[in-house]
Structure formats: structure tokens, C-alpha cells
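Engineer: So you can see what is in the structure, the chains are spelled out below.
8 protein chains.
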Amino acid sequence: MRELLEAVADGSLSPTAAEAELRGYVTEEAGRFDATRDRRRGIPEGIFAEGKSASQVIALAETALETTGRALLTRVSDSQFNALEAHLDETVPEATIDRRSTTVRVTTSSSDSPSLDATVGIATGGTVDGPVADEAELVCVDAGATVDRVDDIGVAALSRTLDQLDRFREADVLIVVAGREGALPTVIAGLVDTPVIGVPVSSGYGHAGNGEAALAGMLQSCTVLSVVNIDAGFVAGAQATLIARAIDTARD
Amino acid sequence: MRELLEAVADGSLSPTAAEAELRGYVTEEAGRFDATRDRRRGIPEGIFAEGKSASQVIALAETALETTGRALLTRVSDSQFNALEAHLDETVPEATIDRRSTTVRVTTSSSDSPSLDATVGIATGGTVDGPVADEAELVCVDAGATVDRVDDIGVAALSRTLDQLDRFREADVLIVVAGREGALPTVIAGLVDTPVIGVPVSSGYGHAGNGEAALAGMLQSCTVLSVVNIDAGFVAGAQATLIARAIDTARD
Amino acid sequence: MRELLEAVADGSLSPTAAEAELRGYVTEEAGRFDATRDRRRGIPEGIFAEGKSASQVIALAETALETTGRALLTRVSDSQFNALEAHLDETVPEATIDRRSTTVRVTTSSSDSPSLDATVGIATGGTVDGPVADEAELVCVDAGATVDRVDDIGVAALSRTLDQLDRFREADVLIVVAGREGALPTVIAGLVDTPVIGVPVSSGYGHAGNGEAALAGMLQSCTVLSVVNIDAGFVAGAQATLIARAIDTARD
Amino acid sequence: MRELLEAVADGSLSPTAAEAELRGYVTEEAGRFDATRDRRRGIPEGIFAEGKSASQVIALAETALETTGRALLTRVSDSQFNALEAHLDETVPEATIDRRSTTVRVTTSSSDSPSLDATVGIATGGTVDGPVADEAELVCVDAGATVDRVDDIGVAALSRTLDQLDRFREADVLIVVAGREGALPTVIAGLVDTPVIGVPVSSGYGHAGNGEAALAGMLQSCTVLSVVNIDAGFVAGAQATLIARAIDTARD
Amino acid sequence: MRELLEAVADGSLSPTAAEAELRGYVTEEAGRFDATRDRRRGIPEGIFAEGKSASQVIALAETALETTGRALLTRVSDSQFNALEAHLDETVPEATIDRRSTTVRVTTSSSDSPSLDATVGIATGGTVDGPVADEAELVCVDAGATVDRVDDIGVAALSRTLDQLDRFREADVLIVVAGREGALPTVIAGLVDTPVIGVPVSSGYGHAGNGEAALAGMLQSCTVLSVVNIDAGFVAGAQATLIARAIDTARD
Amino acid sequence: MRELLEAVADGSLSPTAAEAELRGYVTEEAGRFDATRDRRRGIPEGIFAEGKSASQVIALAETALETTGRALLTRVSDSQFNALEAHLDETVPEATIDRRSTTVRVTTSSSDSPSLDATVGIATGGTVDGPVADEAELVCVDAGATVDRVDDIGVAALSRTLDQLDRFREADVLIVVAGREGALPTVIAGLVDTPVIGVPVSSGYGHAGNGEAALAGMLQSCTVLSVVNIDAGFVAGAQATLIARAIDTARD
Amino acid sequence: MRELLEAVADGSLSPTAAEAELRGYVTEEAGRFDATRDRRRGIPEGIFAEGKSASQVIALAETALETTGRALLTRVSDSQFNALEAHLDETVPEATIDRRSTTVRVTTSSSDSPSLDATVGIATGGTVDGPVADEAELVCVDAGATVDRVDDIGVAALSRTLDQLDRFREADVLIVVAGREGALPTVIAGLVDTPVIGVPVSSGYGHAGNGEAALAGMLQSCTVLSVVNIDAGFVAGAQATLIARAIDTARD
Amino acid sequence: MRELLEAVADGSLSPTAAEAELRGYVTEEAGRFDATRDRRRGIPEGIFAEGKSASQVIALAETALETTGRALLTRVSDSQFNALEAHLDETVPEATIDRRSTTVRVTTSSSDSPSLDATVGIATGGTVDGPVADEAELVCVDAGATVDRVDDIGVAALSRTLDQLDRFREADVLIVVAGREGALPTVIAGLVDTPVIGVPVSSGYGHAGNGEAALAGMLQSCTVLSVVNIDAGFVAGAQATLIARAIDTARD
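Chains as they are written, first to last, in UniProt numbering: chain Y, 1 to 252; chain P, 1 to 252; chain V, 1 to 252; chain S, 1 to 252; chain G, 1 to 252; chain F, 1 to 252; chain B, 1 to 252; chain A, 1 to 252.
It is worth saying that the hints were derived from the structure and are not from the lab. Here a beta-carbon is modelled for each residue, glycine too, at the ideal position from N, C-alpha and C. Heads up, some of the hints might be wrong.
[Claimed, not checked] Okay, the calculated bits of chain P under chain S, using three or more residues with CB under 8 Å as the criterion: (1) 24-32; (2) 50-62; (3) 201-214; (4) 227-235.
[Unchecked claim] Estimated spans, in silico, between C-beta atoms of each pair: (5) V:L22 - A:E94: 54 to 60 Å; (6) F:S77 - B:R40: 41 to 47 Å; (7) G:L22 - V:T146: 26 to 32 Å; (8) P:D166 - G:R40: 54 to 60 Å; (9) Y:T146 - A:G11: 50 to 56 Å; (10) F:S110 - A:E94: 53 to 59 Å; (11) A:E170 - Y:T27: 29 to 35 Å; (12) F:T249 - Y:D112: 53 to 59 Å; (13) F:S115 - S:R39: 44 to 50 Å.
[As the list claims (entries may be wrong)] Derived coverage of chain P by chain Y (criterion: at least 3 residues anywhere in the stretch with Cβ under 8 Å from a Cβ of chain Y; other residues may be distant): (14) 156-167; (15) 184-194.
One chain only, chain Y, in its complex shape:
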């Protein structure tokens, strides 16, 4: 600890980084950032942008970059993104920004590029499921997993689904994203021996719309699935990452 405080004193370590090291988290106006979550939990704290001001989002992203070398943000609006991008252009010009739908990942050249010897397959039922799958995908990419993605293969045209079976069998873990009645994970899970994580999507209107029918159907599935909440692409990606890492470790 003495060492740490001396580093702060001579300016070679920021107070933020020092607090992260000492307490595990950093206390800020915009909230406490759990800087050691990745180390402890195997997945970093994602910054949930919805309902935060642009400056709160920027502050949390900066803390993440400073303490962990990268930042993962979900549910980022266009205006939040523009503000963040402009800010980073100025303050961290070497940062690389990867944006897919409303999910954003920032890395700095100095950050380690992790790599997992495992493949996460991601399938979607329709066009509208894209942003949720993007969220899951970027979490897996962030952890260094290989992602094999195939879109728009809903069961209304079953041959679209069956055409992809070989790819699904080769993945180590599958994320299947579907709205409306959410039958896609059930059909796929009945045919392969890969663990499948179902992600219901808030599409659909009328009775049990907004993803409730899809969630209910996945929970009631007559095959074996585990499920995350409606639109919870981040959680699905993180859970798949934990499984992929366990397999990667076993492969070593």
C-alpha cells in the first residue's frame, strides 16, 4: 500500500487508479465503478447508458478506460454516442471505438487484447432482433471469444433454420435471440447438444407482446434452455463468455 501511495504522490498513478486498486471500486459523482469486476467475476462492469446524462456516461467511460484499459457501454443513444466520440477524440485520440447498434466498446492501444479458444454461436429470428444480438456479440468479442453469427432464420421458414445446423453444432455455446412467440431456441435446442441460452426480444404486439410471450415460451420449452430477461443481450453475452472461458481454460 505504501508503494501505491507513493506512486500517487509522485504522480505516476492517478488517485482514481489507486482507489480502484485499494478498494476494488472507484467512487465518483456519476456512481461507483466496479473496477475489479472483470478480475473477480470474469466479465467487466458494463455501463448502462439509458437514463444517464451524456456527461455521466463520459465520466464513467473515462474511469473504465483509466482503470481497466477498456469500456463497454450498452443502450447508448445517438446523442450520447456523439458526445462520447467527440470527447474521446480529444482526450484519448488513440482509442478504438467499436459501435454496433446501441452497444459501444472502447479500447486503448495499450489495453491487452484477450483471446479465448472457444466459439460462441449467435442466431437471430428476424431483423428486429439485431440490436439485442449486437449487444451480446460485443460482450463476447470484448472477452476474446470467436463469434459465429447467423441472422434472420426464424421458424416460419423452417429450411432457413435447418440449413444452419452444422454451424450450430460446431459452436461451444449458442445464444439464440428471438421475439414474437420465441420458438427458435426450442427448435434449435432440440437438434444440437450445445448449451443454448435463449434471449427473448421485445417485439410483437397485442397480447403478451413486448417479449412476454417469447420469455414465457422459452421458460416453458420442452427442450433444455436457460434464459435471460427480455432484450438482455449483455447478460446472454456475459453468460456465454463465462462458459467459453471455462472451456478455454479446460483446453489449455
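Guided by the hints, dock chains P, V, S, G, F, B and A onto chain Y, whose structure is given.
Structural biologist: Below, chains P, V, S, G, F, B and A alone, put in the same frame as chain Y:
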């Protein structure tokens, strides 16, 4: 009308049959029986036994037999059935009783045996869907339709489902009965051009059990289905019958 | 297949049309279009515009036109429609556009004009049910069925309803569209022997508003109905079309 | 008050009756009986038997008889009834017991027989609605209103309903009891200018069964209705009584 | 009928008024107006403005004025109101417009001014209940009833409520409007012998907000209430009017 | 610790008591008993009997007696109680058993009798709320608080409620138990400055029965309440105890 | 009373203040203000700004200031706040305005500054819970309690939570504010003997979002909690204040 | 295939086993048994006993034994178990029966004993969660995984939970079973980097009882979890098995 009343007077027509002829329905202690529903609606009034006493069930069945030559009863318990059977053995010994699960059909030798030149396909997802499918089947049989039934082909083992496609394509109308997540009607309806009526079944436990997930999934189906209420085998059979009859008429 | 590929090579067949022929569907940025659904299922894939960008809508409509000679779009906003119309004016000037409320049908002079010898009756309870009925109607028209439509005959003024009974009896299949308590399909289905498809509409406020009371009432109906989801005019029209086609075939 | 206490002292007034007079209610083991509710509210406190022991039911009935000359009990089971009847046979042999389904009314020869110059019409949709209508009816009878009851006229056979219009128009207030989709009050209220109180019944199975669809439909009715809770025959009868009494008073 | 047609022919009767006379309703672009509802049902058809265009609202209001001499509109937005007012200024300058919150009543000098010898009491729990009470009030005023209104007497300060008991006892029928937990109708109905109609209001946030808690509480009330749907001021006013008219008739 | 182990070795301390002392809890077949909860949390672990076998209930009660000198059991059935009583008669003849409805408290002569200088007021709306109030009461008694209880004062007869105001004002904290619409805590909390804890009871039938309306109403209350789950008398009693103890401590 | 009226007559007392004194509340256009609630209930009437016009908010705030010397407003929008601030600058320049998120407290120099010898601890799970905690905090501050607040200690990083145990144990009563699954109050209440009031927050998306999961989890908590409605910071603060005041009184 | 049929002909292969080999499943009275599910999906078809007759259960168990050498049954009642045990004693005396709560596993001496080099940790919150955990455990055992189980460590006594962290960290995958508010999986998943599968249990009463609060809380968890339906121990065990097998394969 004069003729009718004279027939009552000379005993060749019962008051019950006369009332049915004059008003369309018969008023009894146990309720009003809609004796002309079959003529007007194309399907007879079913006698819903649940919650009625055995004597009420018997009285309504007798009125149905007297005014229409047959009786169709649903949700009949074992004790109601035994009482009914004993009673009919004595009073209508020539009656034929067809019982499938909790559905019962009684015909007398004098009743017309209708016949429709049309086939209703009925499929179930699992063993537990049987009684609901039986209810639907007996309604179709009662109307004289050909029924082609195949059981226990849920999508958890998709090859069981796909093995039956040719039979489904040959039917004029399909009833697909499924509980849990209720994906079977969606998968079938995506592959054939027959009209499909989905029947959710009150199986499944936990969240959205009791058929709610199946109903929600069928309503949200990304294919084309129409749906009846959970466990409503009678309604599905009757709706299929109306379609079968329209086709039968067109075939003439 | 050789033939097909040669046609692509000499430019007489587009790659899109060739993919549709070979795989059944066309893979695009905006999604996979199921180009053979009409052939396989008896009804074409409808393009659900809600939540898609104007350019996605245009791309899918063009694929539909190119591979099937026509396009059917639902839930089209004004701005999506204007963009589509402007685009087609330029690229497919010979196209005919039929727009009713938020439903749009595009045909090209070269497309076959199908015709069914069957009539679909469509009834609505009130003014607010119009757009849902329009969606159902355009699907039936697209398939070549005769449509007999009567609006605003809700049961609050029962004589409005009863005045139309003869028209309902002459239809081969009925679609009845109603919001609030959704009693109209029940009342009609109690009086005619035509199959009735109920469509609940998301009108009504307060408890069980947004069509939930109407859906519940139709599912619980003491008459014989099958039902589609709230506001699902497309599904009702498609199911009616499948029945109409079966009758048309039987009539031949 | 002095007079009252002296009457207690000389045994011409029971302590129970005295407490009722002084505080308005009587405090007992089995609960407090609101002995002056009829005077204050226009309707007596009903004794809700469900969940009470037979001896609690008997105690409350006795208090009611002692302080108001009559007792009105709802949801009385067979065993509770038998115990009550046996007890009254011994202790109040002059009592008259009127039992309809699970509702019971006890009067003593000395109790005033109220009479209202007003008619309450009661209609039910089907056999299963009978006990709920009985509960409503006995409340009206207890208050001295004339009751005109007609059973089993659900809209599945609309002519059964329309046959009764004249009777409905002659009533001063209507109670319409219906389960399943609960369309009967809506159809009747659209045709007459009598105030209609809808009573949903807990019949029906599947989605929105147990009376929820009926309640929702009555609340969403496109005609004018007021509604009571599912199976709340007592409340409907009491509300109709209050209206009948206001009319009776106005007629004087 | 001959007379009617001759009146149309010589221009002394508009086709609209003639259709109203002959069929009971008028068929228009904007819907069918039930011109004889007031005569048949005792309350006029209200024009529900929400979701209609300004020109549809104007057209229906004109038909109402032409056939019944007055028009009652609910859920009228500011822009709909301004358009209607401007239109009427030009076309029916003698019209009188009464607007309370979102409810509007238009009468012409030539229309009969009905009068009922009965008083409807209206109470609200808080400021936010005002517009719903206004809707109820204008329906009663339109029918000629005397209205005695008292606002903002919710039970959080019970003395505010109890201060008004005498006024409540003098009314012939009470409408009690309340949101949040909706306890006000229960407390009032426990103290007076007037029939009480409870109107839940869509105030309140969190669990069972939007009026659901208030509706549930009124349905479960341990006193005697009948209830209308959440925010259904029109229905409450109309039901109170039907009761007031019955009393008025009895008073004659 | 050495001391403890020696006490175990020489038999003056049971292994159970030693484990409780060392780890805070005792591990048994029937579950882990949190023997130091009272010390840590201020309230003992209650033994929830529902769904446990009689022998599990007995085992847990014995562990509680052995480690804390007393046992508090909720939702005890008659047969569980009889088995427990018989067992204790034999094994702990000096135990005192206090049973109220389904709640049971066992103390041994050697257990400290705690005492709090604070009063908890408990009010119920009706007879059916008794067992839930009993559960709350016994928790308070167990902690040594004074309990002032008044039953059956629901707002349907408001004077019953208002008669008790002075007693409510003298209590340090109030528990108000009510089912149906649950208005009683709202009315009381509007009149006194004591903290009020509302306990909804699972009475009531029909829509929002089983306590849901009462819970919703208490959460939406326009006065200040905090609430516990439906029928959660134990939690209400425990929360009141924590408040009473804080006051008792302050009084010292 | 004579004195009061003379004070009004000579202008030394405003009519508003006089009405407050005489009736307990003040009747205004914008509603009735319960001027004596603080005296009667121990907490002042909060002015709920949502859904009110700026001028209504200002009028009520002025009445509060005039009759009680301070005003407490919740759910104040930016525009309402600006209007209020501008108005007070002019009319009550000596007023002090304390604004936290959407809660506002106004005091005048002449108002008594209450003080309680008790501490309310307030904890939040995340950034998004801040405004709800602010609402609770300002109510406690208004009553003169000491507030010890700690933010953003959700259980996803449990060490953040456990770091604060000592502060929680020193408080007299705890308010724990949490959204999503709402586990924070359960974890804290399992470790301390302070009474804990849980406040669910309307964060979270998908199934049981908007605070429903948090509310359900707090009601089902296996520890001892009492709960207020979702986002009901005012109620939690007021309940904590009532407890704090009881403790303060006991400490004297 | 010829070989197979010859084996049937010479009696060395049963028709049942042959059908399983040829079609993948076996068709019986009691349903179709998916005999190759284990091979295709990695987990065998479980026989869900609830709602089946004892003879159906026995028939399916025999088919499973005959075609796969073992049988896994869930939700087996006592009487079903006794019948099964008696039957197997006679017909397959060499069978080994492993029964835990309502889950039963039968193996024959000839069946392969699979083994996985991976550990599944299973934790429960309370006694009542035992049978659900048993179901999960037996599925894992059946697949040959090592199971490390720890019971009754709910967060009400957090030290019980934290005491087990090391064991949780050593497992390859964790199943956490909890009812009531279901906070246990969230707390554990926040502390370890093992993938966690949450299983809500249908304990808890009142609002959101029967496992709904636990399910909602796990779906809303601020940590990373995937979830199965309420009480779905089989699904959780099977999903953990699929992950364990992937790790086992990677370890090779």
C-alpha cells in the same frame, strides 16, 4: 302450428319436441336446451357437464336425444358418466355411447348419420394433450367428417413432426393441440398450406403455466394460425367442422 | 440448376431471382425474404414495416416485387409510404399501389391476378376498427377473394347488426373485427353457420383496455369462434384466405 | 338511555339489544354485528358464512334475529346450514327459513314484512349463474321488492334473449348475471332504458376464466352499465334495492 | 313513410334526418350515428373524440345536432375543440357550447331543454379527479338533472369528507370519483343510504397505478357500491341519469 | 473457544449449543437454524411450519429451545401442533405453550422474559383477519412489548373505527390488518401521528381477491403507511418490535 | 373564534390562515390544502406537482407557506420549478429554496426550524435510485432529522455494501432504495437490528421491470422489511420521520 | 437395416429396440419415447410422471430401460413410485433405483456408467428448495458429473452464504436454487467467476408468491445469471450437464 298441437294432443309428439319446434329451444329445470342450434349454426349445442349434477346432465341429455336424436357432452366426470350410462341402459337401450376421455356422444339408431366429404387432421404434442384432442375429435366425428389423428409429435424431437407432413398436407383443415410453449402449431403451419387451428393445453408449470405460454405463443406466432381458448377442444372441433362442411358443400 | 445459372450468366435472370429459385429465400441486408412462401403456404410473406427504416422497407418491397411480382406491406407509416411511393415511381413506374390505412399492396402489370371463387365477409364494430379491417381486407383482395365489407355495426345498437344477417350468411367465411368488450363476433356467430374469425382491436381504456377485454371475451365466447391476436388483421385475412382457397378448390 | 338500562335491569330488553341500541353495533366473540346498518344504509349487514365455523355463523344469526328480527346469510355450506337449521328449530321454532342455493334468509313471525312498490328484474345467461342470481334475489326479496326473474337466456341463442325484452322494460332496475364472455348485460342494456347492473360470474376456463373476461367485458361495455365484482350477487341485490327504495319513496 | 319522403323531396327534411327517422341511425363516412339512442336508451350516443380526426368529430357533431338538436362529446383535445368551435361559429351560430375539461356539450336554441326532478351528487377525492367528474357532470346536466358537486374531499383528511355528509344524504344518487387507493366511495357508502356509483381514476403510480388499485378496491368494497371502468365518467353520469330519470318518473 | 469445547467435552454444553455459539447457526437434517438471529437482528428466526413434516417441525423447535430458550412457530397445522405438544410434554415438561390460531410460542421456565417499555397497537377489520393478527401479536409478546388489540372495526361501520382513536393515539406503533379493499389502515393513518404498518389479508373473492386489492390499496394509500406482504403477520409483528425496541432503548 | 374573526377583520390575519385555523384545511381553486396535517399526522401535506399546472403548483405552495411557514413539493418538473422560483423571488424574497432532483422544499426565515434527536440512514443501490432517495431525504430534513446517506452500494459488488455496515447500525431507522431485483434491503436487513423500510425503484426493463420485481422481492424478503410503493420516496421519508420522532420523544 | 430386421426375426433384438434404432423414437400407447435424445442432445428424455397413470409411467420406464439402459423420472408420486418399484422388482430385479424426493433414476447393471471430469455445484436457500435441487442433482449424477451440494444458505444469515465461497469457486458450473425473493443466485454470482444458473422455487405466499418474485428477481439480477422456469430442476441439471460435458471434452 295447428298440426303440431294436434300431434301433441294425440300423443304422437311430446310437448318437449313441440316446444323445440315452435320456439327453437326447450325450457327445463336444468336450463334451456337450444334444440335448433345444429340447424341454425351447423353445430349442435354441447352439454357442458362440469359443475352440473348428474340428474341435470341426464335431463339435458334426454332432451337432446328427444329433440335432435343425439347428444354431445363434454367434461363428463366418471360418476356423471356412470349415472348417465345406467340411466340410458334402462330408458334408451338402443342408444350407442361413444366415450373418449371426458367427452361423450350418444346416438340413437333412429338418428341420421351425417357424412361430410372432408378430412380434419388432428395432431398433439404430447400424451397430456390427448383428452383435449379427444374432445375436438368427437365433435368432428359427430358431424360426419373423416378424422386423421396423429399423437405425440412435439418439436423436442423434430423428426417426429416432420415425418407427418404428408398427412397434414392431405387434410382439409388441421387442429394442432399443444401445451408448454405451444410451438407445434407454428412449426406445422410454416410448412403446409392447410388452415391450422391452434389449441393451447393447460399443461406446464411455473411461470405462464396452465396453458398461458402456449396461448400467448400461438397468438404471437410468426406464421398464420387462428386460435381457441386453452383446453377448448370442443370449439376447435366445431370450427373445423364448419370449415369442413363449407368444403363439403363446395365439393357437391 | 445449370439452366438457372446460365440464365444468371447471360443476364436474363437476376441473382436475387436465382437465389429465390434455388434456396426458396433471398438473403439481404434488410433480412431474408421468403420468396416461396406463397407457393408453400398459400399466402405471401407480408413485410412488417414498423421498426424498419424506409430504405429497409424499400429494399424488401423490391425483392418481393422482383421474385413474386407483388408486395404486401403492413403497419406502414406516412413517411415510409411516401419514400416507397417516390422510389417506385422512379424504378417501377408501371406498378399499381393500393393503400388502405397503414396497409399497402404493390402489383406490377406483369404479375398474375389471382382469383378465388369465394367470398370473405368482413364486419367491424366501430370507426376505430377500420385500419385493422383494412389490413385483413387487402390480404384477401391480394389472393383474389371477393370481399363483402360492412362497417360500424356494434351491438350497442343491435338493429344495426341484425340488418346485415343475410349478407353474413352468404359469405363463405367471416372476419369480425371489434374492440372494447368485443361482443360483436359472439352475437354474429350465434346466428349464422359460417365460420367466424374474431379479431380483437386495441381500443378501449382503463381495465383490460388495449384489446385485452375483447380478446378475453372472444376466447371465452359461448359460441364457436377462432381468434387471432389483438390488431392482427393480416393473420385474420390470411387465415380467411386459406379457407377461401380450400373452398375455391373444392368448387372446381 | 335511562329507560334502556332499566329495561335491561327488569329483563324486558336483552343486553345485546341494548348494546345495539346504544352503540349501533353488538360486540361478540364471532365479531361485531352492525345492528343498525339497515336503518343507516338501507340494507342489513349480510353474514358472510365462508370461512366461519358453524357456531360463529349461528351466533351471528342469533344476534341478527335478536336485534333486527331477521338474518341474511350468504355462502352458506350444507353443513353450516344443517347446523343452523337444527339450532333454530330448537331455539326459535317460529322462524321461517328461506334458502336458495347458498343464500339463506331467516325471519321471525314478529319481524316487519317490508314492502317496496318497485320491481327488480333479474336475468341469467346460463344454469351456472343460478346461485349468484339467487343471492341477489334474496336480498331484494328481503327488502320487499317485487322480483321478476328469467333464467338461461344467454346470447348464443339470441332469440331467447330478445323474447324477454318486454319484461325487462317493465322492471324498474335490472340485474344481469353472466359468466364466460359476459355479453348478456351489454346486449340487454343496448335495448332498454332501465338502469342495468352487471354481475360477472366465475364460470369459464382457460385464459381470463373465473369471471375475469366477463368482468372486463362489462367494464369495457359500449353500452351503459355499472358493475359489481365477480360473483357478488349480494352487492348487486343490495344496490338494486337502494335504487328500488328511492323509486318507491318517490312513488309515495 | 310517404310523408317523410315527401318532406325530403320538398326540402323541408334533410336526407340525414329522414334516415334517422326511418332506420334509427345515420350512416356516414365517419361512422353510423345512433340518432334514436336517447329515445330508446334514455341517454344519447356520446361522441368519443379520441383517435378521430377533427373533421370526423365535426361531421358526427353536426349529425347529432341535426338529428337530435344537441351533441355530447368526450375526450376532446384542444385542437379538436378549436376546430369544432370555429366550424360551429360559422355554420350554427346560435349554438351554445358548454366545455368542461375535455367534455363538450353543444345545444341549439331550438333544442328542448329537458328537466329532471332529481339530484345527482358528485364527489371527488382530489384535484386530479376533476376532468373525470366533469365528464359525468355534463352528462347529467344534459339530461336535465340537478347536480350537487363537491371536490377534493379525499379520506387522508377525513373531516373534509364527513363535513359533506348532509349533502350526500340529500342527493338521489351519488357518483364518487377517486384515484390512488380509491377508498372514498367505500367510506361514503358506509354512511348514507343513497345508491353510490364508484368511478376509479387513473391516477397513482407504481404497483397497481393507473387506477387499477382504485378499481380493485371499489370492487372489493365491504360496503355496497356499483362501479364503472377507470376514468369512465360518461358511463357513471349516464347510469346516474337513468336512475335519476326513474325517480323523476316516479315523482310525477 | 477452548472453554466452549471443554464444556462440550465434560457434557455441560451440548454440541448443538456449541455450534450455535461458534458459527452462529446450527446445521441439522431439517435445515440450518439461525440461533443468533435474535442477538444480531433483534428478532428470532421464526419456524415456518407449512410444507414441513411434523418431525422436521419438532426438530427445529427443539434446536430453538436448546439454543435460545424459546421457539416461535408460524402456520402450524392442527396435526403438527398435536405432534409438537405431545413431544414437548414428554421431553420438555416444563415448557409453556402459547397458541393463537396457527402461531405457536414455546418458552421454558429458564428462558429470560424480555420486557419492552413500548406499546404496539393492533387493529383488524374483520373476523377473518384474526389469525394474521394473532401471528403479529405473538411476535410482539415474545419480545416483551405491551400489545393493545382491538378487533373487527372495518370502515363499513365507520363509528366502530372512530370509537378507537384514543387507543390508537396512545400506542407507540400500530399494526392494522385488513382484507377486501384494505381501506382501514388508510383511514386510521389519516387521523393519528403514530407510524402505521399495513397488513393486507387474503380475504375477498373475485377480481383482485386473495389480498391483492388490499395490498394495492395500501401501497397506493394517500396517507403514510408502510406495508408488508399479504398475510405476513410475522413480518409486521417483527417490524413493529424493532421500532418498539428502538423506542424502549431511547426511553432508558 | 371571535378573536380569530376580529383578527381577520382588522387585517392581522388573512382569510386563508383563518380558514386553516377554523376548519383545518383551506379551500382553493387548485384544491383543498390540509393545513393542519403536520400537527395532526406529524408530517405535512406534500404538494404532488405532476399533472398540475404551474399556477396550481404556485397557488398551493403559497397557501402552504402562508399557513404553515413552509412548503414541500414532489415530482416538480423543470418548468414548474422555474415558474415557482420566479414567483417566489418576487413575492416571498426571504424564502429559502432547497431543490434535490424533482423534490423542492421552501422555507421562510420566520418558519420554525424543527429538530429531531434521531438519525435516518438512507442507502441506494445505484445512480438511478438517486431522485427517489432525494425525495425521502428532503422529507426527513424538513422534519429536522439527521440524515446519513450513502449511495450506489448495490449487491453486485458486495464489498461496497458490507463496507457501510457500521453506519447502518448507528442509524435509528434505515431507508433502502433499490431497483432491478431489489436485493439490497434484504441483504442489509439481514445484518442489522435497525428497522428497514424498502423502497423499490422503477428501473429495470423486460419482465417485471419498472420496479415490479423489486417490489415483489422486498415483499417476499426472507428478512424483516416493511415496504412502500415503487418510487414512493415521500412515503418512505415520512414513515421514517414518524419513527424518528417517536424515538426523539422517547429520548427527551 | 437388413441386419436389424434379422436380429428382430431371430429374437435377439426386441421390436422396441429396433424401432428406436430405425426411427430414433419408440411409439407406444403411453406416448412416443425419444430413445436417441441422449445421443443427439446430450441428455436423455426425462419421463414426467405428473398426470400420467402408474401403468403409463411403468411402460415408459421399461421402454427407456430397454432402449437406453436407464430411466430418469421426475415428479413421481408415492403411489407411482411404489407401483414402479414393485414392477421392476419382478421384471428387472438387477435394476438399481435411486430416489431423491420426487425424482427417480433407474439403471441396470448392464448400462454404461458415464463419467464426466467436471463438477457441478448446487446450492439451496432453504429446506423447501430441497426437492427441486434433488431433481437437478440426479440429472447431473446420471450424466456422470461430480456434484458438490450445499443446502440452506439463504442470505437472511449472510455468513452462511459467505462461508461457502471457496466451494463455489471450485465448481465448473453452479446451480443456485431459491424461492421467496430469490436473492441467493444474485449474491453468489456477484462473488465468483463460475457460470451460475438460477432456479426459482415456488415457495412464498402472498403477492408474487409461488416463485414469481424469485423468477422476476433472477431475470432482473444486476449480476450475470441465466435462469430456468420455476421449479425446473430437471432443466437446470440438464443445462449444467451440457456445460460440464463441454468442459469435460475440452479437458481431454
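Engineer: Are the hints correct? Go through all of them and say.
Structural biologist: These are the hints, each one checked on the structure:
1. Using a Cβ-Cβ cut-off of 8 Å, 6 residues of the segment 24-32 of chain P lie near chain S, which meets the minimum of three, so the contact claim holds.
2. With a cut-off of 8 Å between beta carbons, the segment 50-62 of chain P has 3 residues touching chain S; three or more are needed, and the interface restraint holds.
3. With 3 residues bearing a CB less than 8 Å from a CB of chain S, the segment 201-214 of chain P meets the requirement of three and the coverage assertion stands.
4. With 4 residues having a beta carbon nearer than 8 Å to a beta carbon of chain S, the segment 227-235 of chain P meets the requirement of three or more and the stated coverage holds.
5. In this structure the supplied range 54 to 60 Å holds for V:L22 paired with A:E94, their Cβ-Cβ distance being about 56 Å.
6. Remark: the range hint 41 to 47 Å for F:S77 to B:R40 is upheld by a beta-carbon distance near 44 Å.
7. Restraint check, G:L22 to V:T146: a C-beta distance of roughly 29 Å satisfies the suggested window 26 to 32 Å.
8. With their beta carbons about 57 Å apart, P:D166 and G:R40 fall inside the hinted range of 54 to 60 Å.
9. Under the hint 50 to 56 Å, the C-beta atoms of Y:T146 and A:G11, about 51 Å apart, fit the expected range.
10. About 57 Å separates the C-beta atoms of F:S110 and A:E94, a value consistent with the hinted range of 53 to 59 Å.
11. Checked against the hint of 29 to 35 Å, the pair A:E170 and Y:T27 passes, with Cβ atoms roughly 32 Å apart.
12. Roughly 54 Å separates the CB atoms of F:T249 and Y:D112, a value that falls within the hinted 53 to 59 Å.
13. Restraint check, F:S115 to S:R39: a C-beta distance of roughly 47 Å satisfies the suggested window 44 to 50 Å.
14. Look at the segment 156-167 of chain P against chain Y: 3 of its residues bring a Cβ nearer than 8 Å to a Cβ of that chain, three or more, so the hint holds.
15. With 4 residues having a Cβ less than 8 Å from any Cβ of chain Y, the segment 184-194 of chain P passes the three-residue criterion, so the hint holds.
In this structure, every one of the numbered hints holds.
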